[in-house]
Amino acid sequence: MTTKSHVELDRVTIRFAGDSGDGMQLTGSQFTNTSAIVGNDISTFPDFPAEIRAPAGTLPGVSSFQVQIGNVDIHTPGDDPDILVAMNPAALKVNLPMVPRGGTIFVDTSSFTTRNLSKAGYDTNPLDDGSLVGYRVVEVDITKLTLNALAELDLDNKSKTRCKNFCALGMMYWMYGRPLEPTQEWVERKFARKPLLAQANKMALQAGYNYAYTTDLIPSSFEIKPAVIEPGTYRSISGNQALALGLIAGCKQVGLPLFLGTYPITPASDILHELSKHKEYGVLTFQAEDEIAAVCAAIGASYGGGLAVTSTSGPGIALKAEAMGLAVKTELPLIVIDVQRAGPSTGMPTKTEQSDLLQVMYGRNGESPICVISCSRPTDCFDVARQAVELAIRFMMPVVLLSDGYIANGTGPWKLPDPDSFESIPIRRPSDPSTYQPYQRDEESLARSWAIPGMPGFEHRIGGLEGQNETGNVSYDPQNHETMSLIREEKLMRVAEFLPEQKVVGPTEGDLLVISWGGTYGSVFSAVSECQREGKSVAHAHLTHLSPFPKNLGSLLGNYRKILVPELNLGQLAKILKFSFDAEIEQLNKIQGQPFKIREIKSAIDALLAQGEN
Amino acid sequence: MTTKSHVELDRVTIRFAGDSGDGMQLTGSQFTNTSAIVGNDISTFPDFPAEIRAPAGTLPGVSSFQVQIGNVDIHTPGDDPDILVAMNPAALKVNLPMVPRGGTIFVDTSSFTTRNLSKAGYDTNPLDDGSLVGYRVVEVDITKLTLNALAELDLDNKSKTRCKNFCALGMMYWMYGRPLEPTQEWVERKFARKPLLAQANKMALQAGYNYAYTTDLIPSSFEIKPAVIEPGTYRSISGNQALALGLIAGCKQVGLPLFLGTYPITPASDILHELSKHKEYGVLTFQAEDEIAAVCAAIGASYGGGLAVTSTSGPGIALKAEAMGLAVKTELPLIVIDVQRAGPSTGMPTKTEQSDLLQVMYGRNGESPICVISCSRPTDCFDVARQAVELAIRFMMPVVLLSDGYIANGTGPWKLPDPDSFESIPIRRPSDPSTYQPYQRDEESLARSWAIPGMPGFEHRIGGLEGQNETGNVSYDPQNHETMSLIREEKLMRVAEFLPEQKVVGPTEGDLLVISWGGTYGSVFSAVSECQREGKSVAHAHLTHLSPFPKNLGSLLGNYRKILVPELNLGQLAKILKFSFDAEIEQLNKIQGQPFKIREIKSAIDALLAQGEN
Amino acid sequence: MSDTKTLSKKDFTSDQEVRWCPGCGDYAILNAVQSVLPKLGIPKEKIVFVSGIGCSSRFPYYMSTYGFHTIHGRAAAIATGLKLINPELSVWMVSGDGDSLSIGGNHYIHAIRRNIDINLLLFNNEIYGLTKGQYSPTSPAGLVTKSSPYGSLDRNFSAASLSIGAESTFFARALDSDPKYLQEIMIRATAHRGTSVIEILQNCVIFNDGAHEWTTNRESKADHQLRLEHGKPMLFGAENNKGIRLNGITPEVVTLGENGITEADILVHDEKATEPTLAYFLSRMRAPDFPTPIGVFRAVEGPTYDQQLHQQVEDVKLKKGQGNLKKLLYSGDIWEVKA
Amino acid sequence: MSDTKTLSKKDFTSDQEVRWCPGCGDYAILNAVQSVLPKLGIPKEKIVFVSGIGCSSRFPYYMSTYGFHTIHGRAAAIATGLKLINPELSVWMVSGDGDSLSIGGNHYIHAIRRNIDINLLLFNNEIYGLTKGQYSPTSPAGLVTKSSPYGSLDRNFSAASLSIGAESTFFARALDSDPKYLQEIMIRATAHRGTSVIEILQNCVIFNDGAHEWTTNRESKADHQLRLEHGKPMLFGAENNKGIRLNGITPEVVTLGENGITEADILVHDEKATEPTLAYFLSRMRAPDFPTPIGVFRAVEGPTYDQQLHQQVEDVKLKKGQGNLKKLLYSGDIWEVKA
Ligand SMILES: Cc1ncc(C[n+]2csc(CCOP(=O)(O)OP(=O)(O)O)c2C)c(N)n1
Ligand SMILES: Cc1ncc(C[n+]2csc(CCOP(=O)(O)OP(=O)(O)O)c2C)c(N)n1
Ligand code: SF4
Ligand code: SF4
Ligand SMILES: [Mg+2]
Ligand SMILES: [Mg+2]
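Residue numbers (our numbering), protein chains in the order written: chain W, 1 to 614; chain B, 615 to 1228; chain X, 1229 to 1567; chain E, 1568 to 1906.
Hints in this document: simulated from the structure, not taken from any laboratory. Note that the structure is a prediction, hence the values are computed from the model and not measured. All C-beta atoms in this analysis are idealised placements derived from N, C-alpha and C, irrespective of residue type, glycine included. Any given hint could turn out to be false.
Said to hold, decoys possible - Covered, in the sense of this in silico footprint (three residues per stretch, anywhere, with C-beta under 8 Å from a C-beta of chain B), are these stretches of chain E:
#1 1628-1641
#2 1673-1684
#3 1857-1868
#4 1887-1897
The whole structure should be built from the sequences, with the hints applied where relevant.
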């Protein structure tokens, strides 16, 4: 064996790429979880192909998983991979452009057959036509390595070959000094009923590890010290999963049964999949015939006294618009989840975007004010979902919760809260039938009191026609319509009284305030911190609450010479900020179905500050 | 007989009110047409009850028709009626509040029975309990008068009584010196097959006329000299009718068959009713199962090469949102007509509002830029509809045409154009199959060329998934998505190059610019002219084009110290102007389901100017 | 409140003024509903009327029960959610032929397919009343209306055929002009567990007057109506001597006594037939060749979605034990970070 | 271009790489369509494929004809508009069980009701494929899927019953596993004027593999499939000695020769029956008690909406004369204002 150098790193970004069938998502998450367990901070970005499985070996069939691990705060999956693991030519072709020169590339040489090369659209083999000059290429016949390691096992070759991803994982484990146990245990749990497969995968893992250790192919191994992470119990969780759990927790807090009315759509479907698993928590999931039925069933469930939720993506929101207006008018609690994807129309269903903000704000007939909040990363989906529940119930109104494909599928280490610490959320039920009116309101919140079928003496009718103040009886009276329109508007404003003030990270006044919302949180936070480390006068405000805005937002804006709003759209929040506060806003827009790179934000900031200097 | 005084007037506003069954809409339009024929300028406002016929004699059953006539420019139906004709107690109860003290009130005394009084919610008879003090009340037993006049006729009393509205009309005719002939001729045409009814109505008309002439009840008659009106052939037309005709004319200009895919909804249904009458013009009307099918059928017809239109109101737009996004993405010509009504949700279907502007602009998933134009009064609907056709075809894009209930049902005198003067609108068809690409564009307009099924060699596929520039093939390429998103945006901007510059009535710079759009045109125009007559530095800009705005609008705004935007909503255009031009905007918002009164705008202007002075 | 014994018709009448056109068939139906509810022994607070948009859909405002006047075509979906969250409720849906069979068609067939336990009153006046008279999916082809001045070109739905094609477990037909019988049918519908559709032939005096004249006309109705009774032969006519005979798989009208026809030849109605073919067969019988079948076409027991949904939750609870939030959160791949 | 004689399969194959999962039933269907089109003698430029969203709905991209990949559930409405504006076109709609029977249910039943002259290929894999495996309206109750981990509670639609309940004039069933027969059926469908629905039992190898195994299995298919042939007795089975007999109004399986059964006892198929009751009756026959009927259930002539719409325009033109714009504008109450 050879002695090898040993290098310390603060952070590293690894990208696993292969065919949809190669199990790259699994490999990536194993690496992620193990890294989390050894105390690194982590952030991941699964990047899989469009819904349909393209034929094996083709470019559209490539599935990738990028993870950044580090001993420092990690808020994004990393701008560019330091290491690319490419299990076939297509994976190399698709992902190479993302790897900066000097980066390391692992390839499974056995997959570079002429057939696969042509499938990937390579005329010549990139491994020897010089197109990889400038990269550190590590060529390993991973398939052969795996088959040899499993030679003894009584398994068909197909099943054996399937283990090659664990072989590759083993190499990475050695390279970054990760323990094998967590994955070995996972394998045992997963293949409890198929001991032979369990053994095969563990052996492949070990083989890869040993191979990396013994050969000269990998000159040096790296160490990434644990990050300073708050002590506690952690779990790696995806955004959609966290949302689902947050809803269950929120319902526990109000003491109402959770009703989900939904229709499958990428990238929101996993919320349905997750919730439908948890019937023992009294969760009722209803897969409706379409999005309209989904939101309408939720509205019916809300009228019936449940905590009603409907989940979808942009095209589904468009279909729910009319019914959302009914919920606004009837002032029923309802949570509408929009996991945004790239539009317009069907667009790019598996790609992320933030282009539904204006739709959820204004995509209804008439003056139809609605509450909008958003989550920023997988791990805060849990709390944002609980907040949505609280707002919907406290104010008796529909609440839109904006997520996006990047948050929904990404994962992060989630410090598990203590459920016993969750305060219960009160419901305003009327007590006296003799004085009850459906639209009689709470002085402070303007919420109407909530009587539901089954409550004797509180029988009442509501509907979509304009209603008389207090009684809710149908009314065409001109003055009443204006009164009600203003009440609906004012009621939304009252939410701001209830919200926490908008916080800022960095100087409370200065040259530049960068405002993020939703999934741009991570890259903006990282870019701004970098600037701050460079001593620049830049602050970061992340908006969770988009309608209404926190009370102090307007005045905040006044404290900075410039304001930058980076968005994965053509400037939707920017528009709203402009007319809400007559503020001058600098926009940074990207609309490529991809999250911001830290670098992109950083350079926009630097450019703005530079301008400032002339 | 008695000699009577004779007064000259510039303008007068009359309000006919009665039970839904009393034929007030008809009476009103007869008075309107006759006035037009004698050369007065006119503007009307039919104000009928919600869809369902309420029981006779009740308040919800009241149907009213207001008309202003004058020898000067008339742009609104008048702020307050000078004369109210009330055929029953309910009509009096509902309309009295609109009549200023000193106004004249005609009542049919025979209808003031205790039964009718209680139906109208009167405890005592307003005719003798002093509640009409301060008004000039003219009490006539119109029913008896009618019955006596028709005594000889061999008709049942019911049919005879039905003529009482013509009796009332006759009185008004004498009072304002109108000829009876036009109505007599109309009656003959209308009842050609029922001569007895024709005779009855004519006799009732005459009876009313003679009665007014001979009795002292009506002290004086009035004269309203003809207005200075452009010579030509005129026709009184409603907004919905004019829209329908404009579409037919537009289609003639492009030489394409008109296809209307629609689903009935108040107040848009009459567009369907009108178009379905004109099959001999090759008009194809399709009453779909719902709004989604309606717009989708239109999109299919557009792909097939027709001039496709879909018409609806706010709730229908909400339902069409997703499909409109498909039209935006596939860049197909499509006209979407939104006859706005009061929202949110079902709201007040028969009442007018301007609250769908933000919905049509932003109510779709993803970045989905769309062209929006609006009509301002019944008589310009014709040309605006033709414009919509031209824009949709020239730029190969969906165009939203905003109307509202006030415009749709109102009528005005329309100077008939010469159809031979309409220029034909060119269609860009590809000529060379070998070089054809579905998304290859015209340099100037960025419109893609239009190949339709049936054209050999141009077979191609389009769809809602993001497409590669030029070819339109499905593409998930990040850069391509940004490119296409920007092209869709830029293409809309190119429309501005094609549009006429925004005009201003009044000083080209000064203290105040009042901006109107849609149905607020009339009251704003009138209010501003009043101010101008008073020598104030106020100008008026009416926006027909809302997306994109005319090129020069931004610079225009700079020429005035203040800008006022009156809207029948909570400030939707104001929002857009603010973020589009960083302009300071003063809002005047009314959301009562009723149009602005000139007075309301005038006083807002005066208040603003007053501020200016301090 | 919940003491139902004392309830009377006026307990179900709201303070809102009824606003249908004088002479509208809806009045009779409202009357029938208000009269029948006290007989059902359901606590008032457990009754909810859900409607869409249309003249008929104004219905809930006139009831003093819980009520929801929703949006056009969506009543079935909203009623579904309501029933799912609280299966204890007696959920009544009121809807028109446009509301349920045009814009609401999808929710209508899916509610029926899932067998949601609601009572669906389908007011079929073969016209769009509220929007002032356009043809509807049940209007006969050729009908001249505001939107079809040259006659409608649409082939029309049979509400019965469509419902049965959508796996209906209960379908009945009744008339606004025969409110007593309508009440009987409503009692049957409430007794049925699952989606019970009652198609009520209703007259719109203003925009489609006499649409059901052939069936309802006093003089001829005995000959034009076939009252379905489970287990009874399908006889009708003034002398009750006409009957329906099966000819292969198609019906034919025969007269008892004529060329040897006896009651034995007459098809016997079986509303409980496991396969819905007979109900479908009935749905094809129509004027002028056949009398209009009135009554219960089909009434078969079957699991309801609402009951099963809650059953499944209970089953899982039994299997996994009542969910505990802490357990839920602290599952999956978790790890400790020590201080 | 329009010279159709020369067209071959590859003339209908586009340059886009086909992207279904290896082994997906869609490949066979695509193949069948591309093979049958040249036989129809329709000029290529007159053929349009319209689809919604789903795996199946990617279909148009693989054809070299005109094509429109629209939005989920709306293909029927878009195809309707397309056919109405140009009845000359041969309009094909491709859609999945979710696309047409779930979100698109309303447009589906209304297109059928209006009898729009399109060919509707319904790919029924009893699952949502594109969204990775949730149950669909045709999935059998109890099916365990991503969205029904404890089993689906939905009673399922029969595409046949629903279509016939919606007044279908042409309904047929075919299999992805028997592409030659599928081609025959497609030729029948194109010949039919009106909405011709072909339900294709299609296998989703990834999310619902073997859903149609009972019907398609090589070994047993002879006993599990009933090939419908107009005017022929409904016989099936390896020895073709089993048949369907009418028992009142319900079917029963009998064996020739056994207790005196002869071919005379066997029900004869009549796809042209004026009343759709027989077709409905067939739609209720299913595993395990009955063989799966394959072939044309129903094919009756009737006016098509598209043809009538244009006919009506022509009639009016004949009556009123070709419209003249000036005449149109200068009608109603007009008056002169003199200079
Ligand atoms: C989304 C939407 N589309 C259209 C309408 C207009 N609309 C209201 S009721 C109705 C149809 C009414 O017919 P039906 O359901 O048969 O009820 P009826 O009035 O005949 O009782 C229509 C088209 C609406 N209110 N909302
Ligand atoms: C408005 C909208 N809702 C939901 C979706 C997500 N979606 C796409 S295809 C599909 C169902 C696919 O099933 P099916 O129609 O049976 O086609 P298959 O993939 O099985 O061929 C769904 C739910 C969408 N694209 N658009
Ligand atoms: S319009 Fe017809 S259905 Fe509506 S209330 Fe009047 S009569 Fe009844
Ligand atoms: S998911 Fe199923 S239906 Fe879709 S392509 Fe794959 S196998 Fe075919
Ligand atoms: Mg109706
Ligand atoms: Mg499917």
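List of violated hint numbers, smallest to largest: The structure breaks only hint 3.
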